[in-house]
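Engineer: Going line by line, the protein sequences match chains A and B. For the first sequence, position 101 (counting from the first letter as 1) is numbered 101 according to my numbering, and the numbering increases by one without interruption. For the second sequence, position 87 (counting from the first letter as 1) is numbered 87 according to my numbering, and the numbering increases by one without interruption.
Take the hints with a grain of salt, since some may be wrong.
[What the hints assert, rightly or not] For the chain A half of the interface with chain B, some residues (derived, Cβ under 7 Å), not all of them:
| no. | residue |
| --- | --- |
| 1 | Thr32 |
| 2 | Phe39 |
| 3 | Pro40 |
| 4 | Ile93 |
| 5 | Ser97 |
| 6 | Phe106 |
| 7 | Gly107 |
| 8 | Gly109 |
| 9 | Thr113 |
| 10 | Val114 |
Hints in this document: simulated from the structure, not taken from any laboratory. Given the structure is predicted, the values throughout are model-derived calculations rather than measurements. Where a beta carbon is used, it is the ideal one built from N, C-alpha and C, also for glycine.
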Amino acid sequence: GAVVSQHPSRVICKSGTSVKIECRSLDFQATTMFWYRQFPKKSLMLMATSNEGSKATYEQGVEKDKFLINHASLTLSTLTVTSAHPEDSSFYICSASRDRGWEQFFGPGTRLTVL
Amino acid sequence: QKEVEQDPGPLSVPEGAIVSLNCTYSNSAFQYFMWYRQYSRKGPELLMYTYSSGNKEDGRFTAQVDKSSKYISLFIRDSQPSDSATYLCAMSANAGGTSYGKLTFGQGTILTVHP
Chain A
1 GAVVSQHPSR
11 VICKSGTSVK
21 IECRSLDFQA
31 TTMFWYRQFP
41 KKSLMLMATS
51 NEGSKATYEQ
61 GVEKDKFLIN
71 HASLTLSTLT
81 VTSAHPEDSS
91 FYICSASRDR
101 GWEQFFGPGT
111 RLTVL
Chain B
1 QKEVEQDPGP
11 LSVPEGAIVS
21 LNCTYSNSAF
31 QYFMWYRQYS
41 RKGPELLMYT
51 YSSGNKEDGR
61 FTAQVDKSSK
71 YISLFIRDSQ
81 PSDSATYLCA
91 MSANAGGTSY
101 GKLTFGQGTI
111 LTVHP
């Protein structure tokens, strides 16, 4: 149980385009979903926290207009990277929590490459 | 000063060795302490968690937390090549409000166990 999927697993796009990444909790309802960004050989950096039906809470320094997060249901959250640029290239990982505790279940990640 | 400090390594050990991984932290509000394993291009998977101070053992893995020193450790006994991965420590205060469930990660230690 507690499986989280992400789609796509890998995406390559041209500079200036927008990319949407989906995060789904497959066998549980996620009260909260988190979006992380990870650079090579670096730790996970929390970008934002989202609760179903409400606006996401972004971490300091993360542009909310650049990284649009929607948490439309208890099993689905989406991250849209708008007008992507090469510096947005990274590994994006989502996680989901069943309650408001510490336990998060991580997705397999999405590798974004912006040319 | 980062909230969580972890030596990135890399750490290379022979098969069968005992591995010691460590993190220090500065936020005394942290109550939940986790170790995650991350294989290349994959999402993190939870190895062990500990609440407050103490030891916890699970097979070849032992987690230790010393809150007085703000220091946590993960020991791997009889290490195997399949243990080769990045190991991330993470912590949570699990406080109320917007910080609920928020994890703060260490940088991760790259471990290679060679046959």
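Engineer: Against chain B, is Val114 of chain A within 7 Å by beta-carbon distance?
Structural biologist: Hint on Val114 of chain A: violated, closest Cβ of chain B at ~18 Å, above 7 Å.
Engineer: Against chain B, run the beta carbon of Ile93 of chain A and see if the smallest gap drops under 7 Å.
Structural biologist: This hint holds: Ile93 of chain A lies near chain B, its Cβ roughly 5 Å from the closest one there, short of 7 Å.
Engineer: Hey, does the Gly109 of chain A contact hint survive, CB to chain B under 7 Å?
Structural biologist: 5 Å, holds
Engineer: Double-check Pro40 of chain A for me: the hint is only fine if its C-beta lies closer than 7 Å to a C-beta in chain B.
Structural biologist: 10 Å, violated
Engineer: Under 7 Å, Cβ to Cβ, is where Thr113 of chain A needs to be relative to chain B, so tell me if that hint holds or is violated.
Structural biologist: 13 Å, violated
Engineer: Next item in the hint list is Gly107 of chain A. Is there a CB on chain B closer than 7 Å to its CB?
Structural biologist: OK, holds: Gly107 of chain A within 7 Å of chain B, min 5 Å.
Engineer: Under 7 Å is the threshold here; is the Cβ of Phe39 of chain A close enough to any Cβ of chain B for the hint to stand?
Structural biologist: 11 Å, violated
Engineer: Please check whether Thr32 of chain A passes as an interface residue: C-beta within 7 Å of a C-beta belonging to chain B.
Structural biologist: 6 Å, holds
Engineer: Measuring from the C-beta of Phe106 of chain A to each C-beta in chain B, is the shortest one below 7 Å?
Structural biologist: 4 Å, holds
Engineer: Tell me if the interface restraint on Ser97 of chain A is satisfied: Cβ within less than 7 Å of some Cβ in chain B.
Structural biologist: 5 Å, holds
The earlier numbered hints that this structure contradicts are 2, 3, 9 and 10.
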